[in-house]
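Peer 1: As a plain string of letters, each chain reads:
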Amino acid sequence: MRRSISTTTLAGLAIVTMVASNLGAQISGAEIGGPAPSFTLPDTYGEQHSLSDYSGEWVVLEWLNYECPFVRKHYDSGNMQGLQQRYAEKGVNWFAVVSSAPGKQGYHEPDDMNSLSQAKGSKVAAVLLDPEGTVGKLYGAQTTPQLYVIDPDGVLLYNGAIDDRPSARPESLEGAHNYLAAALDEAMNGRPVTTPTSKPYGCSVKYKD
Amino acid sequence: MIGHGTTTLNRYESLLLLQPLLAVGGVMPSGSWWGRAGACAAALIVGSTAATAAQQADDLSPHSDAELVSEMTSVRPGEAFTVALWLLMEEGWHSYWRNPGDAGMATAIEWDLPEGFEAGELQWPLPLRIAVPPLVSYGYLDEVLLLTEMTPPDDLVAGTTVTLAGRADWLICTEICLPASAELRLELPVDSSQPSRDAVWQGIFAETRAKLPVKVEGWDLTARRTGRGFDLVITAPPGRETTVQDAYFFASEEAVVAPSAQQLLGAAGRSMILSLAQSPYLRGTVETLNGVLLAGEGVTWDEAGLVRAMAVAVPVTGLVQPGSEAGQGGSLTLLVALAFAFVGGLLLNLMPCVFPILSIKVLGFAHHGGEDKSKVRAHGLAFGLGVVVSFLVLAVVIQMLRAGGTRLGWGFQLQSPTFVAALAILFFVIALNLLGVFQVGTWLARVTGRIAQPAGYPDSFSSGVLATLVATPCTAPFMGAALGFALTQRAATTLFVFGTLGIGMATPYVALSLAPSLIERLPRPGAWMETLKQLLAFPLLGTVIWLLWVFGLQTGMGGATSLLIALLLVGLVTWILGRWQAPLITARTRLVTRGIVALVLVLAGALVVRGSRGDAASDSGLSWQPFSAARVLELRAAGRTVFVDFTAAWCITCQVNEQVVLSSRTVADAFQQYDVATLQADWTKFDAEITAALESFGRSGVPLYVLYPGDGHGSPIVLPTILSKQGVLDALLDAAASTGSRRQTDSLRSMTSERSGV
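If you read the protein sequences in the order shown, they are chains A and B. For the record, in the first sequence the residue sitting at position 149 is 149 according to my numbering, with numbers rising by one throughout. For the record, in the second sequence the residue sitting at position 171 is 171 according to my numbering, with numbers rising by one throughout.
If you're looking for bench data, these hints aren't it; they were derived computationally from the structure. Computed from a prediction, not measured in an experiment: that's the story for all the values here. One should not assume that every hint holds.
Claimed, not checked - Covered stretches of chain B, as calculated for chain A (at least 3 residues, CB under 8 Å):
(1) 174 to 180
(2) 334 to 344
(3) 719 to 729
Said to hold, decoys possible - Beyond 10 Å from chain A on every Cβ pair, some chain B residues (computed):
(4) S137
(5) Q194
(6) E254
(7) A255
(8) V393
(9) V661
What the hints assert, rightly or not - Reference listing, derived: stretches of chain A covered by chain B, where coverage requires no fewer than 3 residues with Cβ under 8 Å from a Cβ of chain B:
(10) 41 to 55
(11) 62 to 69
(12) 74 to 86
(13) 158 to 169
A virtual CB, placed ideally from N, CA and C, is assigned to each residue, including glycine.
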């Protein structure tokens, strides 16, 4: 009996070690169906925004880097601004988050960022500045663009690509299935989100080294 | 043949510069290599002058160039041949693999082929891991050939020309990313005779083929779903001892495996298990795990020493349902999760972390056997309650940590080497106590005493808490589904699942205490209990071995040795405490012995802290490849300076030299600066090849240090047996002096030198 126990023990030890020693850190801290991580960030006008300020309302987070060709595809075509406007009219708080570190692509001083947003015709509620990348890493943001939908209870309902066309070519917009719009339309009408996550595409977020 | 290659390139405007170089290439002895290296150099020169042009928006392929090339100089009707997209990238820029990793986009070709032609799928050579923390991408630097098999129709007419055309799209990135594209066009004559290889390209086609992942006979691969993602179980062919100590899996498809998550290779009997974390964007079930398994630097999967990249395509068995599915309200309902949790809790009692506790607990019941049955029942319930409550507390703690934004998995404690060391020491001390090395003092009585012989109900309760605490490291593998489910749910569900886990674990104890008939069958207390107690020390010591092994994996051999010495010191302390017991000795003896105890404990603590930091040698950044005479020749042929360290684990001089000189920052930097390939010939076990090499230098033993100059033929420099930093630096200077003439080829070599994939 002692022998069988030690065999079991050793087998168990091996398996346990495999798994236990391998629970390596992942960067994503946000899970679908779970509470969206809370944060506080300043916008380009110096005003602080906390996720909890928007409790009871719909929130969209859009990771932004104006110089990224994939982001440009959606802004130069007016696709992104169109979505921003459509959902702003339905009461959605749409924030762009810039996690580019100073000196890296996509980072701009607040005033420059405001002129850029104005020139692009952005319709976001605010552009939030995350130069340390804290909130980006908290949400596991990997690319620009990458989009998150948070419901009025603070639950994360969507995390991923804006649509199903991972390309920087403007013509790829034609006939694309927009995951973000689909998720918002379903969720805001009380239906479950068919596609709650998709692999985001675009440029890597230019985090601080 | 060369002529044709030149014509091909001529069409490509930006590569006009190649012509003279290729002409030279034609008369060089190693024609194709020189031709190609020249081509790289020229293209990069063109590339860098084009860098400024790339800023202009109308450059379709910034910082890179692409061309369609053919392996054969002509097309034979109906006979398949290989073409390739040749991508050249400016230094520091990369393009992407079929799975670009965390960010990026795979290179794609849209073919525009003559009637009847069929293009196969793109064949991708082994990619590099390109890490920009916290993100990891898979791609290529410098240059790459993406191969495609072309099948022409049977009815081609000899003497005509066919034009293969298409459009390539790729993303070219450093810090920033730019989309790039090129119109591809390749004209080939149709000839009914046997096509011949293009001398300019055949070298790089062969090199590229060598980097294509292939199936390796005999290796047994299986994949199973785990709570974290996947376990890839790798078993070497029968009778073959594997030297693979490091491996990395590149998943072919996106959104299956998280590229930035750590992949750790562990051993399980004859097999190795590579644990992979699933992508946060994974949807649906994964039927097969497809990709490339890369062996560590200098190691191959096959005995011929050719294959570092093994193709993987294995069905995934689902022992455990994927957590993400459950999180999306998928197949795992709450009820199923609770059932899993209950069974898992029951199973926990058989786990090594818990089994010793169970045994001790049974002792406790045996002790209570003679007492009032209702009292036994109450003790059992109190113990059960302790287990359940502590599981609930753990659930709350995990929820709180999660809310804090820290992503944690169950069993995370074992990731901390210090925690593992502390656990090893605790179990070791308990084992020594069970063996009777020292009697239960007041402090230890709180640990073992409360489990074995609870005095009151609060003690039974706290022994339940203690059992749970000790059990936590073992829950990971069995609880995957239930925990994965719970952690993606709201707090209330998590509490339910954890509570059920606790109920499962407590059930056997409570059942034993509730069914008096079972307890009465337990033998009466007596001398056998002491025997059993001593016997129980051995499973505990087994657990210590396991913890040591974990600690060793985390910190290396040096760390494990530190912990072993710490255990020795702890053993000494317990012996002192047992030999000179508190009530029986004078105040003076007490002061002396307790002083020594304190001192030794401090020393043991320092050792654990030092050991937890890992091996110093692994910090120096030098990567040692295993020695073989063939490898030396190969590296020298490539113009590398080679340093060989003939060593053995039992050779103290070798160890001192390695720790003090070879691992020092100065020497490591110098090796890097001179681009020295470092090989290690480990003579710990007898090795005929190493023995022969030693003899060739007139030596019969280690240490021996040999530096081969990088000119490929200069005589090797033998360093003194006792190394000094200055001595090594001087030898490097000497070696460099004898190869001064080679400097002009440095830029060429750096372009073609093999890059590490891991």
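Peer 1: Against chain B, does the segment 74 to 86 of chain A show at least 3 residues with beta-carbon separation below 8 Å?
Peer 2: violated (count 0)
Peer 1: A cut-off of 10 Å on Cβ-Cβ distance, and V661(B) was said to be off the interface with chain A. Does that hold?
Peer 2: holds (32 Å)
Peer 1: Run the C-beta distances from V393(B) to all of chain A and say if the shortest one exceeds 10 Å.
Peer 2: With a cut-off of 10 Å, V393(B) remains clear of chain A, as the shortest Cβ separation is near 20 Å.
Peer 1: Under a C-beta cut-off of less than 8 Å, do 3 or more residues of the segment 158 to 169 of chain A approach chain B closely enough to confirm the stated coverage?
Peer 2: With 6 residues closer than 8 Å to chain B, the segment 158 to 169 of chain A meets the three-residue bar; holds.
Peer 1: Count the residues of the segment 41 to 55 of chain A whose CB lies closer than 8 Å to any CB of chain B, then report whether that count reaches three.
Peer 2: violated (count 0)
Peer 1: Closer than 8 Å Cβ to Cβ for three or more residues is the test here. Does the segment 334 to 344 of chain B pass it with chain A?
Peer 2: violated (count 0)
Peer 1: With 10 Å as the threshold, tell me whether S137(B) passes as away from chain A on beta-carbon distances.
Peer 2: violated (7 Å)
Peer 1: Holds or violated: the segment 62 to 69 of chain A covered by chain B, criterion of 3 or more residues with Cβ-Cβ distance under 8 Å?
Peer 2: holds (count 3)
Peer 1: Cut-off 8 Å, C-beta pairs, minimum 3 residues; does the coverage of the segment 174 to 180 of chain B by chain A stand?
Peer 2: holds (count 5)
Peer 1: The segment 719 to 729 of chain B covered by chain A? Criterion: 3 or more residues, Cβ-Cβ distance below 8 Å.
Peer 2: violated (count 0)
Peer 1: Against chain A, does A255(B) hold up as non-interface, every C-beta pair farther apart than 10 Å?
Peer 2: violated (4 Å)
Peer 1: Closest CB-CB distance from E254(B) to chain A, is it above 10 Å?
Peer 2: The claim breaks: E254(B) does not keep its Cβ more than 10 Å from every Cβ of chain A (closest is about 5 Å).
The structure is inconsistent with the numbered hints 2, 3, 4, 6, 7, 10 and 12, although it conforms to all the rest.
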